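Line order of the protein sequences matches chains C and G. For the first sequence, position 154 matches number 154 in our numbering, and the numbering has no gaps at all. For the second sequence, position 367 matches number 367 in our numbering, and the numbering has no gaps at all.
Hints in this document: simulated from the structure, not taken from any laboratory. Since this is a predicted model, take the numbers as computed values, not measurements. Please note that a few of the clues may not be correct.
[Said to hold, decoys possible] Listed next, the in silico BS3-like pairs over lysine-lysine satisfying Cα-Cα at most 30 Å (straight line):
hint	chain 1	residue 1	chain 2	residue 2
1	G	360	C	58
2	C	357	C	376
3	G	360	C	157
4	G	252	C	92
5	G	252	C	269
6	C	157	C	188
7	C	111	G	360
8	G	252	C	357
9	C	241	G	365
10	C	188	G	360
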Amino acid sequence: MPQSTFSILLRFLGSMNLAITLLVAIAVAAVIGTVVQQNLPYPDYVLKFGPFWFEVFKSLDLFNVYSSTWFLSIMGFLVLSTSVCVYRNLPKILRDVNDYREHSQRHALLKLPHHYSFTDVRDHQDNLARISALLKQHRYRFRLSNDQGSLLIAAKKGSGGQLGYLFSHVAIIVICIGGLMDGNLPLKLAELQGRIAVETRRIPASAIPTISTLSTDNASFRANVDIAEGGQTNLAFIDYKDGYLLQKLPFTIQVDDFRVEHYPSGQPKSFESDLTVLDASLPQPLRQTISVNHPLTFKGYTIYQNSFGDGGSKLRLKAWPLLTSAAPTDLEATVKQFTRVDNQQLEISDFRPFNVKPDPDTQKKFINFGPSFQYKLRHPDGTANEYLTYMQPIVQEGRWFYLSGMRSKVFEQFNYWFMPADSERRLNRFMAFYQALNNPDTLQAIALATAGSTESGKQSTLQERQAVARFMMALASQFVAGGYENISAGIAQNITEEKRQEASEVYATVLQRLLKNLYLHVLQEEGVDATQPLSGFDGQFLADAIAAVNSAHFYAAPVFLELEGFQHIEATGLQITRSPGQWLVFPGCLLLVLGVFCMFYLPQRRLWVMIEKYAAGSAILLAGSALRNRYDFDAEFELIKQQLAQHASSVQ
Amino acid sequence: MPLPFSETAMDNALPHTYQQPAYFQLRTVYDWLWAVAVLTGCGYVFSQYHALMDGYEAGILLVTAPLLIWLGWSWSGIKSFGLCVAAFSLLAISLYGSDLSRGENAFLLKYLFASQSAIMWMSALYVMATATYFGLLLSGREFVGKVAASLTWSATVMGMTGLMVRWRESYLVGADIGHTPVSNLYEVFILFAIITALLYLHYEQHYKTRSLGAFVLLVISAAIGFLLWYTFDRHADGIQPLVPALNSYWMKIHVPANFVGYGAFSLAAMIGLVYVLKSRAQADKPEGLLSARLPDLALLDDLMHKAIALGFAFFTLATILGALWAAEAWGGYWSWDPKETWALIVWLNYAAWLHMRLTKGWSGKPMAWWAIIGFFVTLFAFLGVNMFLSGLHSYGEL
Ligand code: HEM
Chain C
1 MPQSTFSILL RFLGSMNLAI TLLVAIAVAA VIGTVVQQNL PYPDYVLKFG PFWFEVFKSL
61 DLFNVYSSTW FLSIMGFLVL STSVCVYRNL PKILRDVNDY REHSQRHALL KLPHHYSFTD
121 VRDHQDNLAR ISALLKQHRY RFRLSNDQGS LLIAAKKGSG GQLGYLFSHV AIIVICIGGL
181 MDGNLPLKLA ELQGRIAVET RRIPASAIPT ISTLSTDNAS FRANVDIAEG GQTNLAFIDY
241 KDGYLLQKLP FTIQVDDFRV EHYPSGQPKS FESDLTVLDA SLPQPLRQTI SVNHPLTFKG
301 YTIYQNSFGD GGSKLRLKAW PLLTSAAPTD LEATVKQFTR VDNQQLEISD FRPFNVKPDP
361 DTQKKFINFG PSFQYKLRHP DGTANEYLTY MQPIVQEGRW FYLSGMRSKV FEQFNYWFMP
421 ADSERRLNRF MAFYQALNNP DTLQAIALAT AGSTESGKQS TLQERQAVAR FMMALASQFV
481 AGGYENISAG IAQNITEEKR QEASEVYATV LQRLLKNLYL HVLQEEGVDA TQPLSGFDGQ
541 FLADAIAAVN SAHFYAAPVF LELEGFQHIE ATGLQITRSP GQWLVFPGCL LLVLGVFCMF
601 YLPQRRLWVM IEKYAAGSAI LLAGSALRNR YDFDAEFELI KQQLAQHASS VQ
Chain G
1 MPLPFSETAM DNALPHTYQQ PAYFQLRTVY DWLWAVAVLT GCGYVFSQYH ALMDGYEAGI
61 LLVTAPLLIW LGWSWSGIKS FGLCVAAFSL LAISLYGSDL SRGENAFLLK YLFASQSAIM
121 WMSALYVMAT ATYFGLLLSG REFVGKVAAS LTWSATVMGM TGLMVRWRES YLVGADIGHT
181 PVSNLYEVFI LFAIITALLY LHYEQHYKTR SLGAFVLLVI SAAIGFLLWY TFDRHADGIQ
241 PLVPALNSYW MKIHVPANFV GYGAFSLAAM IGLVYVLKSR AQADKPEGLL SARLPDLALL
301 DDLMHKAIAL GFAFFTLATI LGALWAAEAW GGYWSWDPKE TWALIVWLNY AAWLHMRLTK
361 GWSGKPMAWW AIIGFFVTLF AFLGVNMFLS GLHSYGEL
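Given only the sequences and the hints, what does the whole structure look like? Please build it.
In structure tokens, the structure reads:
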């Protein structure tokens, strides 16, 4: 009989081979999705894979595997395949649950792996009674059938196996459907139909076009929003592809306060936000504190504590010019806003009131490095270096240093500049020293004095001394511009090989003497008596200051921004979700667990006992079958066999 | 035609020498003592700490009590195990009092029961047990087998005691630092060793398969090796406060359920290995040591299936618990985070295994190899993800 296309299709969809292929295909797709990190900004992928592979991977949707059309199709097929499988097996299972196979034939029973026959002196009725009692003891249920003098007791137990199959496979269908409802599918459809378009620009919410805005009708989404303390909003952002969509909320969330609590060691213990939900339908605003693991659910929307950040802290800064000796200027700046500093644009990205890190000396203890802020200085040509500056000096080998890190590319580590703190733990002395190096007038005076201070200098003419002073100043400016390395490079270029060694030594001595006198001058300005020998601290400070000047050139900034004070304003990062699919997924999960445990631990077993007349007694055939746990069934069958045969007078 | 059948009439009609007593009638005095002990223990915990527990935690305790009683009744080994662990832990806790530094100067704590010491004992005992099981394989003497099993039991008692005492110690470090010791890689490795050992001991008792021990204990010894490296090289044994995301009652059930899964899959892999070894030995050297001493192939096949089924059931449960937790902590029950995704991969892999076996009737060597490969997939989900992939499951980075 020719089969209809439909039944062939059903057979294919419900086939085990397809099911296993799909299971394996999903596993492979999932491996890909974890090897290629998902949902990063596109430029990161270009950097990682190069422009060619980026295009290839992008066209295969490898950056958003789990919301790609091909992956969703495999999932769809799995649902379809499982549904067909259940559909095809359902009648059989329902029949099976109530079917005791009480019409099994003798030759069929003899073909089963478990069977045993013996004879017994008792008659039909006696045997029926004791056998049925025995089966009951073993928790079998049974039916009887009588066929031409032979009595068949058909027994079974554990329909859980069958029902378990039904439960677990239906559960998988239900869970997948719920998951698809909560996934990106609706967004993808809307995008295909041109109803929405992803927004990739960083623009204020008010400027986002309606095509990138989702109304409050959107039934399922996962969106994020940062709200500063005291602020409120009724908008959130959905990350989508390489950009985002704006999601409107039917209520307003106001953040009254955000707190981070810490363990004594300094690690964070809890993140909490005090929220007020403002909604026209509420008689009064709803106030609730949320924290990690304790979200707030309101009208089917759930609000989670997700992250935190700066909400626009106000910083008081002191800008020390590094290229001139001009006086420092005070300035106010706000985190996440732009401020002009000379011809540069200051863009502060983050401020942290404390930085708790493992102590580099002991490894185990944590110490607080104090407040820090992170910023970019953008040149008029658009390029920028990034800086991370700590407010307070940090102790290193018993000495205190101001720390500021610089990097010119985002993915690099910060390179730190260590500036020694003076006896009052301030930056002033180092800055005075550094600025004096940048001040030609001061430098010239000191250089002249230095040139005249040596034995030979004292006897030289003014012109000779001026020449020496000019040389010293050139040396100093080379040093500031590029450190010792720069000076060595100059020597390598201008001096013949055999004299280099000697020249290096002379240059170093001269530079040292100049720097020391310059330092004494700075001390004098501070009011320290410079005629006395340097104290241990002051001597060490000079060494550290020279080291700092040596490495100053990499810092590449026209100003150093010292953080003098701040007003900390935090922002809480909330995640707002609406997931109607969970009302399918969670019950589905329950059903799945139930089904799986039933399948494994309530397996179906069948026994048949056929009693026939034999002389004055009976001939008995015991047979059994079990789908799973053959070993345990072996033991049970053996036991029943022995119990049955106990009083049998085996005539065999 | 089915006969009308009156059951009661039949029951009274004949004496049944094979009559089995009902479940509760089978309980011995020891069983009842065990039940009383469990109920007293749980009752005491509740009366002492209910003020600190939320509703879910009280619920977990409520379910734990009957579960423990049932476990003890179904498997007598668990009763002695539980009582030893309870006695040792209570002793250690009372020795500590409220002073953590007693761990350094009280003799019993310093050398036996302080968590670090107990865990060192566990490590040593597991390694000794492994060696002894190999001794059994070589000598075939029953006595050696008994020693090996006792060593495994002792190691497991020490490990469990170590975890229990560590639980208490964490509260002595600071009231707000205390937590169930299943929160980082160090702690779960101990859990892994204990659970794998218990699963194995259960099968050993039930199926009289001591010759498997050498191979199963090999996995545990490997875990111990890692644990020791992690302790001495990485100093990972210190008690750390919980990060806020882990501070949830879900952790208490999600993690143990997961490790029953991991433990059972590892066990299945080692049984698979034994299967492969035995079938090779039977083909090459039928009279050899391995083919004579290792369990029957059919039994191995069945055990492997049992272990994978158990693992699959618990892994399903654990993944679902994880999803429920994620729904509460991360704002979505499924985020395709690498750890989640790899849990799914492991799960799909074993689902395929089970289907092949049940509906295609595959068995024997290919399934044994598949179980061995499955172990590596599981291992990657357990460790590899933390080492090579980044994600929301940020605890226990290497
Ligand atoms: C994600 C998808 C699926 C999962 C996780 C899954 C899981 C399982 C599990 C764990 C078993 C029990 C195996 C055992 O007891 O050893 C099973 C049995 C079975 N599965 Fe699936 N399954 C899935 C999809 C399918 C599909 C698509 C089909 C249809 C072709 C199918 C057909 C069957 C059948 C016929 C059984 C045997 C039931 C019995 O006789 O008790 N499964 N499944």
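Hinted pair residue 157(C) and residue 188(C), Cα distance within 30 Å: Status violated; Cα separation ~49 Å.
Satisfaction of hint between residue 58(C) and residue 360(G), Cα-Cα up to 30 Å: Violated, because 39 Å separates the two Cα atoms, which is more than 30 Å.
30 Å Cα cutoff - pair residue 357(C), residue 376(C): 23 Å, holds
Residue 241(C) paired with residue 365(G) [C-alpha distance capped at 30 Å]: 46 Å, violated
Pairwise hint evaluation, residue 357(C) against residue 252(G), where the allowed Cα distance is 30 Å at most: Holds: residue 252(G) and residue 357(C) sit about 29 Å apart, inside 30 Å.
Holds or violated: residue 252(G) to residue 92(C), with C-alpha atoms at most 30 Å apart: 41 Å, violated
Restraint check for residue 188(C) with residue 360(G), where alpha carbons must lie at most 30 Å apart: Not OK: residue 188(C) and residue 360(G) at ~38 Å, beyond 30 Å, violated.
Pairwise hint evaluation, residue 269(C) against residue 252(G), where the allowed Cα distance is 30 Å at most: 18 Å, holds
Hinted pair residue 111(C) and residue 360(G), Cα distance within 30 Å: Holds, at roughly 20 Å.
Pair hint outcome, residue 360(G) versus residue 157(C) [Cα-Cα no greater than 30 Å]: 24 Å, holds
Checked against the numbered hints above, the structure breaks hints 1, 4, 6, 9 and 10 and satisfies the rest.
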